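A.B. asks: Quick mapping for you: the protein sequence lines, in order, are chains U and P. FYI, in this note's numbering the residues of the first sequence are 1 to 290. FYI, in this note's numbering the residues of the second sequence are 1 to 234.
These are calculated hints, taken from the structure and not from any lab test. Quantities reported herein were computed from a predicted structural model and do not represent experimental measurements. All the pointers check out, no bait thrown in.
Chain P is faced by these chain U residues, among others (derived, beta-carbon under 10 Å):
(1) Ser65
(2) Ser173
(3) Pro211
(4) Glu217
In this text, a Cβ means the ideal position worked out from N, Cα and C, and glycines have one as well.
Next come the chains, spelled out residue by residue.
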Amino acid sequence: MSFRSLEEIIRKSKETGKAFWEIVMEDDMNERAASSQDSFHKMKLLYLSMRDANAAYDKNLKSASELVGGDGEKVHQALKAGKLLSGTFGGEVIAKALKMGENNACMKRIVAAPTAGSCGVLPAVLLTYEEQMGEEIDRMVEAMFVASGIGVVISVRAFLAGAAGGCQAEIGSASAMAAGALAYLQGGDGECIAHASALTLKNLLGLVCDPVAGLVEVPCVKRNVVGAINAIASADMAIAGVRSQIPPDEVIDAMREVGEAMPSALRETGEGGLAGTPTGIKIRDRVLMQ
Amino acid sequence: MNVFDVMGPVMVGPSSSHTAGAVKIGLTARKLLQEEVLSADILLHGSFLATGRGHGTDKALIAGLLGMKPDDERIPNSFQIADELGMKYTFSGTELRHAHPNSVLLKLKGRAGRELEVIGSSQGGGAIKINKIDGLDANFCACYPTLIVHNADQPGHISEVTTLLAKHGINIATMQLYRDKRGGRAVMVLECDQEIASQVIHTLEKMEGILKVTYLSLEEKDEFSIIGRDHKKK
Numbered sequence: 001m002s003f004r005s006l007e008e009i010i011r012k013s014k015e016t017g018k019a020f021w022e023i024v025m026e027d028d029m030n031e032r033a034a035s036s037q038d039s040f041h042k043m044k045l046l047y048l049s050m051r052d053a054n055a056a057y058d059k060n061l062k063s064a065s066e067l068v069g070g071d072g073e074k075v076h077q078a079l080k081a082g083k084l085l086s087g088t089f090g091g092e093v094i095a096k097a098l099k100m101g102e103n104n105a106c107m108k109r110i111v112a113a114p115t116a117g118s119c120g121v122l123p124a125v126l127l128t129y130e131e132q133m134g135e136e137i138d139r140m141v142e143a144m145f146v147a148s149g150i151g152v153v154i155s156v157r158a159f160l161a162g163a164a165g166g167c168q169a170e171i172g173s174a175s176a177m178a179a180g181a182l183a184y185l186q187g188g189d190g191e192c193i194a195h196a197s198a199l200t201l202k203n204l205l206g207l208v209c210d211p212v213a214g215l216v217e218v219p220c221v222k223r224n225v226v227g228a229i230n231a232i233a234s235a236d237m238a239i240a241g242v243r244s245q246i247p248p249d250e251v252i253d254a255m256r257e258v259g260e261a262m263p264s265a266l267r268e269t270g271e272g273g274l275a276g277t278p279t280g281i282k283i284r285d286r287v288l289m290q
Numbered sequence: 001m002n003v004f005d006v007m008g009p010v011m012v013g014p015s016s017s018h019t020a021g022a023v024k025i026g027l028t029a030r031k032l033l034q035e036e037v038l039s040a041d042i043l044l045h046g047s048f049l050a051t052g053r054g055h056g057t058d059k060a061l062i063a064g065l066l067g068m069k070p071d072d073e074r075i076p077n078s079f080q081i082a083d084e085l086g087m088k089y090t091f092s093g094t095e096l097r098h099a100h101p102n103s104v105l106l107k108l109k110g111r112a113g114r115e116l117e118v119i120g121s122s123q124g125g126g127a128i129k130i131n132k133i134d135g136l137d138a139n140f141c142a143c144y145p146t147l148i149v150h151n152a153d154q155p156g157h158i159s160e161v162t163t164l165l166a167k168h169g170i171n172i173a174t175m176q177l178y179r180d181k182r183g184g185r186a187v188m189v190l191e192c193d194q195e196i197a198s199q200v201i202h203t204l205e206k207m208e209g210i211l212k213v214t215y216l217s218l219e220e221k222d223e224f225s226i227i228g229r230d231h232k233k234k
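Extracted from the complex, chain U is given alone in its bound form:
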């Protein structure tokens, strides 16, 4: 990837008059010596795989540790019964984020976006958007390119792995990617996209990676929900004209600095945070005994 900043993508977009997503796609075309059809099709397949993965949810499945399973269905039922405050859009997003996280923990097929642990954030907001707004699939694929461009810049300037930078690097990045995609779908320009992702990342700065028993289950599955809802709130703010006072690229740099300062017990080692609570340790001992 030739981009080291969101600023660069926005500048190139202004210079050429091409959309943010096109600049990202052209970079892939250059790098892989691929045609635009090839690049677009490859991304479309990933989006269709997200759809398939969502449809393949099995409410009766439990993960091997039995810590995870069935929660997405509970939220779905509560939504249908009219018990949720978050409305039809928000409620559906919560249910889908849980379902995808549960799919992952139960060894079903998912799309890492950017990681397996954070695989619920993007499909939760994008599939719900497509369903409820009746959006064309090609625009959904364009939004996937927007999200990927943001992810690439984060990976170059900071990191995407919990082991490297804590959960802010996984769920935080997924959330920033999703916010940018939503801002694009809602008509935002490059600047609006970048600020939507900056606002999102700021909200999750410092989030630690503390998986109980080292498994991608607790608290990972439910953190996909906060990533998705945070993305909607930030995209809404950005569309309304709210801007991050700290420029988006500097926010990403801050994420890196915070991640590097994080003790290793809070970076996917399964030692600190929730993993280190008395119950977390009890669960770990039980899982290891299995």
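Keeping the supplied structure of chain U fixed, place chain P upon it in accordance with the hints.
C.D. replies: Frame of chain U; chain P shown alone:
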């Protein structure tokens, strides 16, 4: 970092390193063995040993050895499929020296009698490295057609191998050399830009001083999709 390194891959969960990477290590080892796996002794190291089970690392390795890819939905059932196909396997823990935390030692026997020992590690995000083959350093990513030649540590073998490749129009992308001791057993690892035809491999195998030739092809060959259509339908 490419767009599609960030978005994707499509994979069976829960972990790109402990599940998808483990499938890839198994699959690569199977390809290096160049035949169906009859038995596998699997020794897990570090984080693979500590948290592998909860991440399905064990099932993932078996799935790879059976020829499955990281997005294969049969991965959770790989033990059962291995049993049905008569592939034997054992799991145990080990401590490997200077190894990556996500490492595994695979001791394989093939149906036609080939034997192979591989140490592989999962580097994160689904990327892997093959660190050793039959006890000698290898260190390749399994993302190029890769030729591994074990030879007696004598003058001339490197030039013989590279000349033969040049004659067949094969460009060498990277090349590494290791040996256990002066005049002992040496290994050259060549990552190539083109696939190497099997008759070239056979010519190499017959050369004097060449002890073993292992080749990783990235081509999708039918003999590797061994599990057959019956299982696919299940």
